[in-house]
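Top to bottom, those sequences are chains A and B.
According to our numbering, the stretch in the first sequence is residues -11 to 364, in order.
According to our numbering, the stretch in the second sequence is residues -11 to 364, in order.
One should not assume that every hint holds.
No copy labels: a pair is met if it fits in one copy or bridges any two.
[What the hints assert, rightly or not] Here are the simulated BS3-like pairs of lysine-lysine, each with C-alpha atoms no more than 30 angstroms apart in a straight line:
{"no.": "1", "residue 1": "K29", "residue 2": "K6"}
{"no.": "2", "residue 1": "K59", "residue 2": "K148"}
{"no.": "3", "residue 1": "K59", "residue 2": "K285"}
FYI, nobody ran anything at the bench for these hints, they're computed from the structure.
Protein chains: 2
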Amino acid sequence: MNFDLVATCSGSSARAGKLSTPHGDIHTPVFMPVGTAGSVKGIHTRDLKEDIKAQIILGNTYHLYLRPGLKVLEDAGGLHRFNGWDGPILTDSGGFQVFSLGELRKLSEEGVRFQSHIDGSYHLFTPENVMDTQRTIGADIIMAFDECAPGDADYAYASKSLDLTQRWLERCFKRFSETEARYGYPQSLFPIVQGASFPDLRKKAAAMVTGYESDGYAIGGLAVGEPEQVMYEMIEVVNTILPENKPRYLMGVGTPVNILEAIDRGVDMFDCVMPTRNGRNGMLFTSEGIINIRNNKWMNDHSVIDPRGTSFVDHGYSKAYLRHLTISGEMLGAQIASQHNLAFYLWLVGEAGRQIRLNNFKPWKEEMINSLKRRL
Amino acid sequence: MNFDLVATCSGSSARAGKLSTPHGDIHTPVFMPVGTAGSVKGIHTRDLKEDIKAQIILGNTYHLYLRPGLKVLEDAGGLHRFNGWDGPILTDSGGFQVFSLGELRKLSEEGVRFQSHIDGSYHLFTPENVMDTQRTIGADIIMAFDECAPGDADYAYASKSLDLTQRWLERCFKRFSETEARYGYPQSLFPIVQGASFPDLRKKAAAMVTGYESDGYAIGGLAVGEPEQVMYEMIEVVNTILPENKPRYLMGVGTPVNILEAIDRGVDMFDCVMPTRNGRNGMLFTSEGIINIRNNKWMNDHSVIDPRGTSFVDHGYSKAYLRHLTISGEMLGAQIASQHNLAFYLWLVGEAGRQIRLNNFKPWKEEMINSLKRRL
């Protein structure tokens, strides 16, 4: 998997690049819609490609492993064949989901034993079987299995956790190198930088992952409760160490402003459930600011959803209609808002890339952030 | 509103026709997707038009009156402007919904007093204000306000109810003739034939409605619990009396087989929530038979949803994937199944029209019904 740095930007660490995968090229910076259980909630595959113009989507190993399960995915010929998305796919390792289970999971050196949130059945994730699982799912990019420490972890916990993540990473790479891709195209394994909110742990983790030859590197364990400034500081610390010539993926982040700040600090890849989850709750992100479509003020606003929007939903429906659908609990409301938000995220990150190539990212970003923070 | 009979069929009362409305021509027989609260659940307006090829959709007066309410609809310039559907719209009168409220409504000569299912507030529907409400919603075809007697009503109840419906119909036409369309295009009022399962009451009702000059006539109060053969008999009784040169609309019916049987008996227009409601529950209607997509047998069936289907969803997703989405409660599953079912209903009814024009309806129907009844 090849990564070409296409442009950098003065006064900023922002970069534009091109990542070549077995299922097509990805122009970075890139936002990856999250398809938790193999579907981006509320969005047809056709619209992901043609309307939202997604370049790559995510799948969640934890969810896919439980349902539909590996046998079905293997029979289908992998997730691409199963869900009909023929572009690149990235799977997370399931670590984040498993650690979110709280009481339902138990950590050991070997891995994590957990109970399914669906039927209470017991399962064990280890670095080895999570590699095998992601081989079977067949994502182009697969993620290391790590412990994601809580946002308020103290130094002792975070340090011990990082050591475990390190030992697990070694096991991940060992298993990955001993096994082969299942469906005739190569897969890449990205390691993950942990270290909570402690700069020296982050440095240690970044140095550690760069010891592995990889097609890309991820930053995990951020946006889990720490202040935004701390998150930005951690990104800076890590990105001074990660290699320049490989893509950097900030996992699970975040708001449009978070993403622009992270691009400014040299991040290339993003994913987050926010556009779809907040969309389902009636929150729209637009280039003019944030809309809570449930507010009374939109009740008689018959203007289109977003005159500057790139999706067909932006021009095909009014704010008053979307408000009515959302208030009434009509599925179509969730579909429209999710589609708008994803198209907006894709537009925003694509436009950031364009501004980087124009060497105009910094002033554009400052102006854009002012708009993005507005509440309409 | 003009109706041209284009073709009739030997050995059958089936007809093909063209109904011209202010928002475009409708080729009959026609199935009308139901947009209860101003949206066909799970379906983008664009897909209704371009993929499902709906010619006309329904709105429900009861739901639209409560939410978004008449002020919003009036401000928008009517329902077409509000929901972005620029084809013909028909609204039911709210009678059926109001009578479904059970304990929450009280019938009198004046009308029906009822409590909103949303907030318990009190409202009164009368023949007069329901005409006004449908004027404000702005549907091309509006329906008379009637009492829909329960399926198991005895003769005395049904007869008394029919007399009330008759008095209300007079009041509907009076108010309709005294008021004007609101948005610059004319509206048509269809009366409804009631009479439960009693042939003589149905005859009386049919004779009564034909006393009013109207652009079309509806048959209501069927598929409410009576045996299918009784429903077919009532349709036959009524259609011998309704004028040949006007469209006949069978309200709220039904399965694909019901619809073909009713077409055979001279019905032109249909609506039903079955394609979307059953779709949300994982039941698919196809030209080869009925699929319960939740069944284990589809778990590893990676063939497309319906190789003979006309929708993009039929060829873009597999049965195994749709099963997974449905079992997992993913919105996309409901969207795919609803879209498939609606596209199938539209195809089926359109194909019926083609077979009528070929004078081949009867043999085609017999063969098709055998397939439709199959459980796959």
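Inset, instruction - Give the relationship of K59 and K148 under a CA distance limit of 30 angstroms: within one copy only, between copies only, both, or neither. - result: This pair counts as neither: shortest intra-copy Cα distance 36 angstroms, inter-copy 62 angstroms.
Inset, instruction - First find the shortest C-alpha distance between K29 and K6 inside one copy, then the shortest across copies, and answer within, between, both or neither for a cut-off of 30 angstroms. - result: within (27 angstroms within a copy, 40 angstroms between copies)
Legend entry - Alpha-carbon proximity between K59 and K285, which holds within one copy, between copies, both or neither at 30 angstroms: Result: close only across copies, 14 angstroms inter versus 50 angstroms intra.
This entry does not satisfy hint 2, going by the numbered hints stated previously; all others are met.
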